[in-house]
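Protein chains in written order, with our numbering: chain A, 1 to 270; chain B, 1 to 270; chain C, 1 to 310; chain D, 1 to 255; chain E, 1 to 255.
Wrong hints could be hidden among the right ones.
[Stated by the list, open to error] List of simulated lysine-lysine pairs, DSS-like, C-alpha gap at most 27 Å:
no.	chain 1	residue 1	chain 2	residue 2
1	A	125	B	125
2	B	125	C	71
3	C	239	C	287
4	C	258	C	129
5	E	103	D	235
6	C	218	C	258
7	C	112	C	287
8	C	129	C	256
9	C	71	C	293
[To be verified] FRET-style restraints, in silico, Cβ to Cβ:
no.	chain 1	residue 1	chain 2	residue 2	range
10	E	102	D	15	43 to 51 Å
11	A	107	B	165	29 to 37 Å
12	B	94	C	229	53 to 61 Å
13	C	189	A	70	41 to 49 Å
14	E	100	D	236	52 to 60 Å
15	A	70	C	229	26 to 34 Å
16	A	249	C	299	46 to 54 Å
17	B	71	C	287	12 to 20 Å
18	D	236	B	22	33 to 41 Å
19	A	169	B	115	25 to 33 Å
20	A	267	D	236	43 to 51 Å
[Said to hold, decoys possible] Sample of chain E residues lacking proximity to chain D, with all beta carbon distances greater than 10 Å (derived):
no.	residue
21	60
22	108
23	161
24	162
25	251
These aren't lab readings, by the way, just hints derived from the structure by calculation.
All of these numbers come straight from a predicted model, not from anything done at the bench.
Where a beta carbon is used, it is the ideal one built from N, C-alpha and C, also for glycine.
Below, each chain spelled out in residue letters.
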Amino acid sequence: MADLARHGAATRPVPFRGGGFAPSARRGVGLAVFVALILLAEWGTRSGWISPLTLPRPSDVLATLVDLWTSGRLWEHLVPSLSRLAVGAVIGVGLGVATGVMIGLFSYVRAGLVPLVAALFPVPKIALLPLFVIWFGIDESSKYALIAFGTFTPTVVATYGAVDNVDRGLIRMGQSFGLSWWSIVRKIVLPGAMPGILSGLRISLAIAIILLVAAEMLGAQHGIGAYILQAGSLYDLEKLFAGVTILSLLGVLISFAVGQAERVLLRWRR
Amino acid sequence: MADLARHGAATRPVPFRGGGFAPSARRGVGLAVFVALILLAEWGTRSGWISPLTLPRPSDVLATLVDLWTSGRLWEHLVPSLSRLAVGAVIGVGLGVATGVMIGLFSYVRAGLVPLVAALFPVPKIALLPLFVIWFGIDESSKYALIAFGTFTPTVVATYGAVDNVDRGLIRMGQSFGLSWWSIVRKIVLPGAMPGILSGLRISLAIAIILLVAAEMLGAQHGIGAYILQAGSLYDLEKLFAGVTILSLLGVLISFAVGQAERVLLRWRR
Amino acid sequence: QDRKIVVGALRLTSHAASFVAMERGYFREAGLDAELRFFDAAQPMAVAIASGDVDFGITAITGGLISLAEKGAVKVIGGALQEEKGIDGQKFLASDAAFQAGVKTPKDLGGKRYAVTQPGSSFHYMGAKMAAAEGIELEYVPLQKVGAIIGAMKSGQVDGWSIVPHIAKALDGSGAVHIIGDVADYLPDYQVTTVFTSLDNTVNERPLTEDFLKAFSKGVADYNAALVDRTAGEEAQQKMLDLLAPYVYPDDAPEKAKTSILNGAMRLNENAGLTTASVQDQIDWFKAEGMIKDTIGFDTVVDSSFAPVL
Amino acid sequence: MDLSLQGVGHAYSDLEVLRDISLEIPGGRILCIVGPSGCGKSTLLRLLGGLEKPDRGRVLQLGAPPAGCLNPLTFVFQDFALLPWRTVEGNLSLVLEDHRLPKAEAEQIIADVLARTRLSEFRTALPRQLSGGMKQRVAIARALAVTPAVMLLDEPLSALDAQTRELLMDDLVALWTRAPFTAVYVTHNLAEAVRLGHRIVVLSRRPGRIAEVVDIDLPLDARETGSAELERHQKRLWSLMRDEARAADAELVDG
Amino acid sequence: MDLSLQGVGHAYSDLEVLRDISLEIPGGRILCIVGPSGCGKSTLLRLLGGLEKPDRGRVLQLGAPPAGCLNPLTFVFQDFALLPWRTVEGNLSLVLEDHRLPKAEAEQIIADVLARTRLSEFRTALPRQLSGGMKQRVAIARALAVTPAVMLLDEPLSALDAQTRELLMDDLVALWTRAPFTAVYVTHNLAEAVRLGHRIVVLSRRPGRIAEVVDIDLPLDARETGSAELERHQKRLWSLMRDEARAADAELVDG
Ligand SMILES: Nc1ncnc2c1ncn2[C@@H]1O[C@H](COP(=O)(O)OP(=O)(O)OP(=O)(O)O)[C@@H](O)[C@H]1O
Ligand SMILES: Nc1ncnc2c1ncn2[C@@H]1O[C@H](COP(=O)(O)OP(=O)(O)OP(=O)(O)O)[C@@H](O)[C@H]1O
Ligand SMILES: [Mg+2]
Ligand SMILES: [Mg+2]
């Protein structure tokens, strides 16, 4: 207190200069942005300020969705699409993880396959549609194959990156305790690579959804992709947007599911 | 030495149990795999074991490529495609990085845009082709827009992830030295996010190449995508594979270029 | 001062009139500075007209076109390509596998897989009309792209299809696919493609639209005379083939291209006349299939004040 | 310029970290803060440096900072906090750039602090090329470059190996002896505290309160490892803290 | 079982790390290895444990490991090397699983070593919930679980704060006093070396050679900080190493 008096006027609190640079969750803002955009579109299309050629009226899209739901045609389209997604993604992700782990573990596999995967990555899947018809037919198998092919390459890349990133110290520890090669792979490498594999899964599954439309170009009469394509060819914007909305919701849902899987499988992380 | 004698037969070298789990580069194996696959395809198509419907003869594909080159039509297709890629990717990546940085820095931007980006991510771009024609016309602008749209979302996600991962300790350091907000963003946040942004760029550019085909569905006469589409519609497998090979090479080249950019920009890392 | 127009085109013989009018200066004579824009499918061309990027186009009557017409974006103003008894027209095809299994006529396709590009496409219409006439059911398989359909036909994964004559003949020649019937037998006077433009051009740019049709019709006349009726003589035929080859088959050897063009020559409508009965039938079919709204009528789609009605 | 903490308390949401801390930081001397893990030492330092706002109480600066002082309260961090993409020189200029000094003056400051920390020959090296000890020397040079009124050091030697720690302690003593500075020095290490501190403040377990204040009068340059007086202080401090340290160590981090 | 190094040399590609090391590791005692940064201490330990093959010379094990020994040469690492996805218990069972012990026996081993390291109540905790000191105790428990013939400890306390280090040193002394084990203990820290080592081997700068071997006869449990004999040893070691440490510190890591 004596000090305080001595320094008199020059005494002041230390200025605060920390904080910030840590964006925090603002609940509801995301929803508000969606609602605002939708209201804007609704108002624009109603007032004629946005031509019906440019955007459908959101309320009409909603009506289309409701109609899809009540008429039961939603399931008619959703069930085949989901089964194509599931089978295709399981094949692609399964093979991708297996290949990625092999690349991560064996020098020769790595040397042989990494350039191949790098060359396959930028190949546009729609360009190969005519070939897929020949290779896999126009039934479900070509749809599975297309989705599997599309999810395979990103999964491989994510997986071998994840294996590469497994702490070598843990592996040396395993060796120092005389664990067998197979034990090390099973108990150290695979769990250690799991976070990377799961975050690769997020991307692979988003790609799978995107490829659904391409896959259903091939002789699909039902399916969300086919529904979108038909809406596009009829220039029926309400249906087009309804279909896109479904895919978008599906994507958000799948990403949420992966998030839940991460919460369970990666409980050991913070 | 006395010890040695004392222990007699039980003396043996400590068994080696380390090593492994560090795949090393095996030069030439990648090339060998490519050559082997191509030779296999050549032999298979020549011997009739692979039907010409399934695969073109690699030598024919090569001849097509050589013909494209010598006739100068390669450039006729490559130049428009490259300029579309360049303009589209620059717009998409530029906006994406800017948006991503904003999301990384501001709570409200994050809350408002992250759900929007998550909803846009799984939207298949080909489904929107008819709309893009109305929105952006059939000229170059719609192609730019499609590629820009396709590269935008992955860039945003990679960028805000990278900004989130910038060491908060460095930011606190900047604040503790009284650096201005703008100095911190420019000198700490952006360089710190660069590795993540560049690795996002790899993915975005691969996606840009994949979208080239979709973009050139929109009234393009020249361009590798248009060439592939035309070959596909005529079921001309030699041309189809020639086009796909070009895209694949382009992808490998771009990935190499990003690698070089990383070497230069991220020299400070090991 | 020439007025600038953009004409949308596909690299098909059905667009020959535009190429002829372009090459022989008929557009210029009509005071039009025309530019051709090429598309790889009809649907984007229709959308491009709606967006104002293209002024005139030629395409089959599809669900998409009708839907755009309903939105007040486009209008059919004349006819372009037509089936005609006695002139080689579109063919029904069977895959080799189906053919070997006994599909020798269109009727034999009952219960089989029939390829279309998309629901609501002209392929769908042709198949449906044939099926109705024969009293059979078809399983329609949408494959989006002609290339994908060809692949599926060759590998026997779909059984039937219909396509323009030169492609049909080329495929038939390879032995992978067989011609089993003519579309004209089921759809006489089928108005395959039509000329269309934006609603704005029919209302506010009437003279421009009329000038376009005038020039276009000259091209039609030349084409029909040279390749369909063959009244113009051998030399005119050769000239016409020389003119068209680089437009239709830019990447092929001229000789091969000319054979294909000759094989594919179908009647173009004189003076862009429109077979209204066929158009009405197509609109009715779309309605029956539930692909377009019931409120759509002939006048929603067609402005018949520009070209003769047949 | 002195600092004064008056009845300061702080909590992170539900977690009370500091309780009722009142403390004067006298000028020209080194004040060490020791305490068990997680007792709020770093938080206290951040409060002093203005990187955190106290929930209760006040953190005051008494008097104006001396002339020429670019950044009165300057941190040295445990993890060095060097920008890996800038050279040694670049890391120093970083903290000068915002002050728009004449080029020659900035250049001279950099040359001077590099010389004082004997880093002149590492001027163009990147952080990844330096050993931990060198990195911390760069961080100290950076702190010196802004001529702080008070240096706030948060376990500056904890990330270093024992031998480098010895060497850097000698360096710090030499720097202080040549030109005494005011410093608050947070550490776990009692040997460091008795070696460098004129006054040692012992905090209790979380929520941190002041448990003891020890003054050591021996001049810094007269202290050396194994001196009996220092040993005595260190032993006493350890006996004060031992049980708390064990308890802190055995705590589960989040349930 | 003893270990013996005979004329061992090792290089990583061009970088010679160790040169002509000959050394006997006597049973039942703790051998400390000290030396400046990067002199090859960890490499030497990896050679001893069979994780690295020597380029020159031989690493021999003399005699058979005692009965019941599941992993004769067992490491304790600086960074603990616990599997973050396994609980404390799971990390212990990891090293037993491959030996196909009867369930009850494995269970009994785990319970025993947890009790010896006073970790019984943390059995189901995940590593992230534990403080650094606790983590290293788990790593030590894991090492004890395989009843090693020789423990190889690579700076086991370097990642811990000074106070936890003190506590763990006490624990190690207690463990050794109760049941003496053979250990090679690598450290930077001379205080640790004189506290825990029966014999201290000083390595020179890279390429590491043996510069000095010091024996300390004082029983482990009689040693305490500040004892004059230990201080004397520590000072002598530091005077031996000081210049080398400074030189090693000032080295650029890669050009
Ligand atoms: N930003 C923060 N948000 C929430 N809790 C925090 C934050 N910073 C620190 N804590 C918590 O506050 C307590 C005190 O942290 P602080 O870092 O001040 O302790 P410390 O004494 O420096 O510990 P250490 O010895 O480990 O460095 C700890 O339990 C820590 O988990
Ligand atoms: N696997 C490796 N490949 C290449 N060089 C290595 C490898 N391991 C270590 N080195 C190098 O060998 C030298 C000695 O390394 P080592 O880790 O044995 O030293 P150390 O004495 O344990 O050092 P520290 O005190 O830092 O732990 C160092 O220069 C290091 O960079
Ligand atoms: Mg702290
Ligand atoms: Mg080491």
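Outcome of the hint check:
| no. | hint | verdict |
| --- | --- | --- |
| 1 | A:125 to B:125 | 13 Å, holds |
| 2 | B:125 to C:71 | 23 Å, holds |
| 3 | C:239 to C:287 | 44 Å, violated |
| 4 | C:258 to C:129 | 32 Å, violated |
| 5 | E:103 to D:235 | 47 Å, violated |
| 6 | C:218 to C:258 | 22 Å, holds |
| 7 | C:112 to C:287 | 24 Å, holds |
| 8 | C:129 to C:256 | 33 Å, violated |
| 9 | C:71 to C:293 | 11 Å, holds |
| 10 | E:102 to D:15: 43 to 51 Å | 45 Å, holds |
| 11 | A:107 to B:165: 29 to 37 Å | 30 Å, holds |
| 12 | B:94 to C:229: 53 to 61 Å | 59 Å, holds |
| 13 | C:189 to A:70: 41 to 49 Å | 42 Å, holds |
| 14 | E:100 to D:236: 52 to 60 Å | 53 Å, holds |
| 15 | A:70 to C:229: 26 to 34 Å | 57 Å, violated |
| 16 | A:249 to C:299: 46 to 54 Å | 40 Å, violated |
| 17 | B:71 to C:287: 12 to 20 Å | 50 Å, violated |
| 18 | D:236 to B:22: 33 to 41 Å | 51 Å, violated |
| 19 | A:169 to B:115: 25 to 33 Å | 39 Å, violated |
| 20 | A:267 to D:236: 43 to 51 Å | 44 Å, holds |
| 21 | 60 | 31 Å, holds |
| 22 | 108 | 24 Å, holds |
| 23 | 161 | 4 Å, violated |
| 24 | 162 | 4 Å, violated |
| 25 | 251 | 7 Å, violated |
Going through the hint list in order, the structure does not satisfy hints 3, 4, 5, 8, 15, 16, 17, 18, 19, 23, 24, 25.
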